[in-house]
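J.: Modelling step: build the complete structure from the supplied sequences, incorporating the hints.
Per the numbering used here, the sequence shown runs over residues 1 to 114.
If you're looking for bench data, these hints aren't it; they were derived computationally from the structure.
No incorrect hints appear here.
Quick list of in silico lysine-lysine cross-link-like pairs, DSBU-like style, CA-CA up to 30 Å:
1) K80 to K108
2) K8 to K44
3) K8 to K45
4) K29 to K45
FRET-style restraints, in silico, Cβ to Cβ:
5) D2 to E79: 40 to 48 Å
6) P36 to V96: 19 to 27 Å
7) G76 to D2: 34 to 42 Å
Given the structure is predicted, the values throughout are model-derived calculations rather than measurements.
Yeah, the Cβ is synthetic: ideal placement off N, Cα and C, and Gly gets one too.
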Amino acid sequence: MDDCIFCKIVSRESSADIVYEDDDSIAFKDINEQAPIHILLIPKKHIRSVVEIEEEDLQLIGHLVSVANKIADQTGISEKGFRLVLNTGLESGQSVWHIHIHLLGGRKMAWPPG
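T.: Set out below in structure tokens:
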């Protein structure tokens, strides 16, 4: 997508502090961090939101969760705990229309969120 900031990060038209990349996904530090560890995980394939996930995308979404586990382990937050957040739609706070998972950790999380 021409106007998608995350697609521009994938194509290197925009810069990001990348912490992980493979053939299907990329992970980078959120510029508006909400926790000491705040990483965004995205598929390289443009999927606008959770409601647009197709059957063929299910393995890719599972892969993103697996990558989140790897990054949580590498950053030392896997033992104490971390949060994965997938916002969907305007009322949830989705502001970039490219599916992404927030990996948050390094501090005590409150409940309920938001």
